[in-house]
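Engineer: Protein chains in written order, with the working numbering: chain A, 345 to 695; chain B, 345 to 695; chain C, 345 to 695.
There may be inaccurate statements among the hints.
[Stated by the list, open to error] Sample of chain A residues at the chain C side, in silico, Cβ under 7 Å:
1) R396
2) Y418
3) M435
4) G441
Since the hints were made in silico from the structure, they are not lab data. The structure displayed is predicted, hence computed values, not measured ones. Cβ atoms here follow ideal geometry from the backbone N, Cα and C, with glycine treated the same way.
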Amino acid sequence: MAEAFLKNAWYCAGWRDDVGLGQKDLVARRIAGESLLLYRTAEGGLVAMEDRCPHRSAPLSLGRKEGDAVRCMYHGMLFGPDGACRHVPGMDKIPPGADVPTYAVCEKDGWIWVWMGDPASADRTLICDAYDPHDPTLTLRTNSIRIDTNYRQEIANLADLSHISWVHDETFGGTDRWGYIRPRHSRNPRGIETKYVVRNIPAPRFAKHLFPADARFDIQVHVRLSVPCNFILNFRIHQADGETSGDARGKVLLDTYTSQAVTPRDENSLDYYFSWGTSKETEFPGVVDLMYRTNYEAFLEDKRILEGQRQRQLEYPGAPEIDIVHDAGPAQMLWVLDKLLAEESGAGAAA
Amino acid sequence: MAEAFLKNAWYCAGWRDDVGLGQKDLVARRIAGESLLLYRTAEGGLVAMEDRCPHRSAPLSLGRKEGDAVRCMYHGMLFGPDGACRHVPGMDKIPPGADVPTYAVCEKDGWIWVWMGDPASADRTLICDAYDPHDPTLTLRTNSIRIDTNYRQEIANLADLSHISWVHDETFGGTDRWGYIRPRHSRNPRGIETKYVVRNIPAPRFAKHLFPADARFDIQVHVRLSVPCNFILNFRIHQADGETSGDARGKVLLDTYTSQAVTPRDENSLDYYFSWGTSKETEFPGVVDLMYRTNYEAFLEDKRILEGQRQRQLEYPGAPEIDIVHDAGPAQMLWVLDKLLAEESGAGAAA
Amino acid sequence: MAEAFLKNAWYCAGWRDDVGLGQKDLVARRIAGESLLLYRTAEGGLVAMEDRCPHRSAPLSLGRKEGDAVRCMYHGMLFGPDGACRHVPGMDKIPPGADVPTYAVCEKDGWIWVWMGDPASADRTLICDAYDPHDPTLTLRTNSIRIDTNYRQEIANLADLSHISWVHDETFGGTDRWGYIRPRHSRNPRGIETKYVVRNIPAPRFAKHLFPADARFDIQVHVRLSVPCNFILNFRIHQADGETSGDARGKVLLDTYTSQAVTPRDENSLDYYFSWGTSKETEFPGVVDLMYRTNYEAFLEDKRILEGQRQRQLEYPGAPEIDIVHDAGPAQMLWVLDKLLAEESGAGAAA
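Let the hints inform the model, and build the full structure from the sequences given.
Structural biologist: As structure tokens, this is what we get:
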């Protein structure tokens, strides 16, 4: 049977600034069922290793940085950034097996990424493209929350934006139009990409006070989703052009960008790293604050429905679930995930 | 093996006013291992259905009332009060299987009752009689608490009032006389009924300040217990008549009434709905307040001993427990329960 | 397979004053997977019995002391200090089996000790010697904390003081010298004993302000460890004598004493009872307060590393752990424990 998590994939381990340069900056993360220590060397290079001393399993994240190395503060064993044990106090030789497994780790677009498979096979071209909070043409705010559900439910949530009409009715919604869109998804080896326009809708609830009551808008949507669960979205809000098909052609009122990376801790819990904001070109005073606050509220709306769903699924194990038209995106995305999981499983079996 | 819970029984789902008429009044309940949504139509009719959308298991109680229907606020599916799916946004046809199981539900004596078996077999004559808080001849206060124990222990608690002398020594007790009563129980198909007099006892602790220290009382007790765990009690407090047998014949000082319905959530937890008060005829200023406060304290006394008991039973699984004379009531009540459970189990096996 | 806990051993159940003489002093303890009630008779004698009524498993610790007996406050059964049921309200005869198992219990050196095996085989000579907080030649402070780990990890912690250099770097440490000591342990039937000198070290962190920066000290260490997990320690702090071997011969600056008893509640949690202080002869104003505060902080340091370790061990079940030179003490101590466990297991099998 396939494992719950892909090994050969990059998982987001947080925002660039989550791991600092200070002596105390030893960051513990739980990713895809494994416990990791993250830290930076004096030069700023990232190190990721198993957060477990090979001697008696003490967390290295409770240890002490010493130059580019980390010392376990239970019995003083010292490990280099390659995981190799450099010293055991009181011993002349390093005992065999005293090394800590390491992970390939790097930064891209403001995020820290960890490859959970064999570091030798880590392929940086597989890291998803995202909107960088440090991009000078954008103004983005960042944060993270924890949601107690399985990441497959989060994939399904993100691959079907019809839920904006319902889950986010009081924040980003305010119209049922999202619930009637049937977008076409184009599939690629590690995800799906989707483009469409939601036409002639009133301002979303959070922005109603900014526009006349009868103002109508077209929203040009561009979504890129990739495994394990990265969601890169551009909403471009246009004045409604009165057309019924084709790209939105009305005046661009606001061009908004969000990057969202979902990292499973284990089968019941995940970390959600997100940014939201606008292009500098279309930004106006207060709009990024407003969007950030709205977005945070919207994530709490997702958290509530996802955790409720998880609870029912645990209460009714094996209960049948029917499919509807909006499951096309989730189904394609989970198909990609399951295909990759099966390939890893087969490769493992063959090896 | 028999199931833990009766299906063919009415379970109390709360007080009449727990489920309001407002747009937001979607009430979630856990009853006998199932998750239920309760709401009222605009006309006030009660609806009870599984609190799980058949699409992706989101709780319908996180949804939205629309007229007599409820909309799942994950993907917008709309369900009528009969559980039938009326609409899936973006689809012309309702997919097969898109219905939500419903439960027979009704009101009686101020309580809401749900039949957990096949609604077609729901028999309203099986709902226990209780004292209605809206009865104009009574003044009753109501509330509920949660107790983390198995409901069989709660049955045993209620079917043997000798515990008043010990568990409730500081509230309703104040004499060990309850501990020596050996009442006769008469059995009926769904429970037991018990009548006796506790004679020549001092005022209960909570009411000592109302009477001379040497005042003595007879308490005429009438208990009706029915499955799953409904406890309907009348305590009539008389001036002691000096007799040693027969009904109490002294002057009636206070005629008190309580209805208590215990609804298991699951095997480890239950909801306890209760009222307490007096007849208007014997009520005097302050007495119902005093009784209500005392009663709430007494339920916390029960909660403490029952949860302690549950903890020990989980720590010592299978440890022998001896029987004493006061187990006659509990044994008869559990015998009735087990007989009905076995019948359902047999009926299930035969079918 | 051997059990997790020794039966034929004395476990510390707390400090002498934890169990008072008052009517309400019914103390519940969880020891080695069993639930105990502790109380004192009017004469001050200690009683230890299973904290479970044989009738319906209610905790006797929620009961009431009556003279030298305890009454279960669920249905009023009364038990003498020998566990024998004396009375069941409403019954003339005591039903068979209505007795509560008791434990051998006594006091020694300020601690209460319980023998978890057959009381008839309780051998008081097996209680470890400790420093008594009531000893007129000592000034000791006492307290207790809870640590959520398996007691075997606590044994390993206490049998290897090299961790002082790392875990306690900011309290008792301040030098890596502890991490290089390779002491010889002498084994006895129920534990190990260890003596050595840590030479020519600066003042420990907590006491640096009391001495010139270049002051150097020798610490004469004497540890006695016994099953299940009792740790009796004397640190004698001398002016450094400049020697490299033999006992410390410099002037004694402070002679400190600590007794620590670790009692497993179950496989995941333990209670830790400890004292710390000095001889009256070497005490100076404020030093015992300072040591006590430091010691409490140090126990929180241990708690943090031990609970982190436990978490990793549960996350990575069966993951290999390598051995280092400092495991000699832990290995000997766990060897003694496992030998005794195997003997009990074999005796049980033979019987």
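Engineer: The structure should be examined with respect to each hint, and the outcome stated for every one.
Structural biologist: The hints, checked one at a time:
1. R396: Since chain C brings a Cβ to about 5 Å from A/R396, closer than 7 Å, the hint holds.
2. Y418: holds, 5 Å
3. M435: Holds, because the Cβ-Cβ distance from A/M435 to chain C comes to roughly 5 Å (cut-off 7 Å).
4. G441: holds, 5 Å
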